[in-house]
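Number of protein chains: 2
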Amino acid sequence: MFQESLKRLVQETDGGLAALLMGFDGIAVDSFVGNAMTSDMNTVGMEFSFILSQVRKATEILELGSVVELTIRAEKLTIMIRVLTPEYFLAIAIQPEGNLGKGRYLLRVLGPKFQAEL
Amino acid sequence: MFQESLKRLVQETDGGLAALLMGFDGIAVDSFVGNAMTSDMNTVGMEFSFILSQVRKATEILELGSVVELTIRAEKLTIMIRVLTPEYFLAIAIQPEGNLGKGRYLLRVLGPKFQAEL
Chain P
1 MFQESLKRLV QETDGGLAAL LMGFDGIAVD SFVGNAMTSD MNTVGMEFSF
51 ILSQVRKATE ILELGSVVEL TIRAEKLTIM IRVLTPEYFL AIAIQPEGNL
101 GKGRYLLRVL GPKFQAEL
Chain G
1 MFQESLKRLV QETDGGLAAL LMGFDGIAVD SFVGNAMTSD MNTVGMEFSF
51 ILSQVRKATE ILELGSVVEL TIRAEKLTIM IRVLTPEYFL AIAIQPEGNL
101 GKGRYLLRVL GPKFQAEL
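In order, the protein sequence lines correspond to chains P and G.
Per my numbering, the first sequence starts with residue 1, numbered consecutively.
Per my numbering, the second sequence starts with residue 1, numbered consecutively.
Looking at chain P on its own, in the form it has when it is part of the complex (with noise of 0.2 Å):
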C-alpha cells in the first residue's frame, strides 16, 4: 500500500537511500531501502521519532505551534522527517550531498497520499 510512494521518495530525491513511515512510539509501518543505504533505517527511525517527541514538547512549551518538519544533517547522512499526523511521521534518509530540496519537495506532495491511509 505504502510501497509504492517509499520507492518513489527514495529514487526521485537525488542521494536518496531509504524512506520510513514510521508511528512517533518508534514502531515502523512500512519502508524502502534502496541498495546503497548502509545503516538500518528502522534504527535510525527509532532514534529520530524519539528526537521528534521532543521537539514536538518543547515547540508546545514555547507556544510554536505544530511541529511540521525536522531535517538533521550530520556528516554522514541528512534525514529530513515530516509529521504526517500526530501519531505518524514520513522519514527520508539522503546523502550528504544529495538533493535536500527535492527531498523536501516530494515529502510535502507525497504526504496527502499517506495521510488518506493513516
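FYI, nobody ran anything at the bench for these hints, they're computed from the structure.
Be aware that a few hints might be false.
Each pair of labels, with its calculated beta carbon distance range [what the hints assert, rightly or not]:
id	chain 1	residue 1	chain 2	residue 2	range
1	G	G65	P	R108	26 to 34 Å
2	P	T85	G	A116	23 to 31 Å
3	G	T85	P	K7	19 to 27 Å
4	P	E117	G	G34	39 to 47 Å
5	P	E87	G	L118	28 to 36 Å
6	G	A36	P	E87	15 to 23 Å
7	G	F50	P	K7	14 to 22 Å
8	G	Y105	P	E63	42 to 50 Å
9	P	K57	G	E87	36 to 44 Å
10	P	V109	G	V109	27 to 35 Å
11	P	D40	G	E4	39 to 47 Å
12	G	E60	P	Q11	16 to 24 Å
As the structure is a prediction and not an experimental result, all values here were calculated from the model.
No residue lacks a Cβ here, since even glycine has one placed at the ideal position from N, Cα and C.
With chain P fixed as given, assemble chain G onto it according to the hints.
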C-alpha cells in the same frame, strides 16, 4: 564583536527574526533580535540546545558523524541551527514563509567568522 554578523544574518534573510550564538549548555554568548520577533529568543535557544544535545547523542549512537545542521519547522516559526564548534552553535529564527535557503547560506558563509572568534 558578534553583533554585526548576527544582525546581518537576520536582516539579509527574508523573514529573518532573530539570531543567536549559544553554548550547548544553553548559555547565550550574544544575540540580535529584530522588532518582529514575538518569542523570547534566549528561551527558544535554550530549548533547542537541549534538543541539539539529544541529536548529537543519536548521531553518535548511529555512527553518522558530527551534527552539521538542524532545522525545525513549526507552524509559527522555523529555527535553523548550525553547529560551529563542539561547544557553540549559531541559530536563526525565520518566519514560516521566510527564505530558508538564504538563511542556510548565510549560516554557512558567516559561520567561519564566528568560529575564528570562539
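Original post:
Does the Cβ pair G:E60, P:Q11 satisfy 16 to 24 Å?
Top reply: violated, 30 Å
**OP:** Return holds or violated for the Cβ distance of G:Y105 and P:E63 against the range 42 to 50 Å.
**Re:** violated, 29 Å
**OP:** Confirm or reject the claim that G:T85 and P:K7 have a C-beta distance inside 19 to 27 Å.
**Re:** violated, 40 Å
Original post:
Taking the CB of P:T85 and the CB of G:A116, does the distance hold inside 23 to 31 Å?
Top reply: violated, 45 Å
Original post:
Is 39 to 47 Å a correct range for the gap between the Cβ atoms of P:E117 and G:G34?
Top reply: holds, 42 Å
Subject >> G:F50 paired with P:K7, Cβ distance criterion 14 to 22 Å >> reply: Given about 36 Å between the Cβ atoms, the range is violated.
Subject >> Distance restraint hint 27 to 35 Å, applied to the beta-carbon atoms of P:V109 and G:V109 >> reply: holds, 30 Å
Original post:
Is the distance from the Cβ of P:E87 to the Cβ of G:L118 consistent with 28 to 36 Å?
Top reply: Since the Cβ atoms of P:E87 and G:L118 sit about 41 Å apart, the hinted range of 28 to 36 Å is violated.
**OP:** State, for the Cβ atoms of P:K57 and G:E87, whether the hinted interval 36 to 44 Å holds or is violated.
**Re:** At roughly 25 Å between Cβ atoms, G:E87 and P:K57 fall outside 36 to 44 Å, so the hint is violated.
Original post:
P:D40 and G:E4, beta-carbon distance inside 39 to 47 Å?
Top reply: For G:E4 against P:D40, whose Cβ atoms are near 45 Å apart, the range 39 to 47 Å holds.
**OP:** Can you let me know if the beta-carbon spacing of G:A36 and P:E87 is within 15 to 23 Å?
**Re:** violated, 34 Å
Subject >> Hint check for P:R108 and G:G65 - Cβ pair distance inside 26 to 34 Å >> reply: This hint holds: roughly 27 Å between Cβ atoms.
Of the numbered hints stated above, those contradicted by the structure are hints 2, 3, 5, 6, 7, 8, 9 and 12, listed in ascending order.
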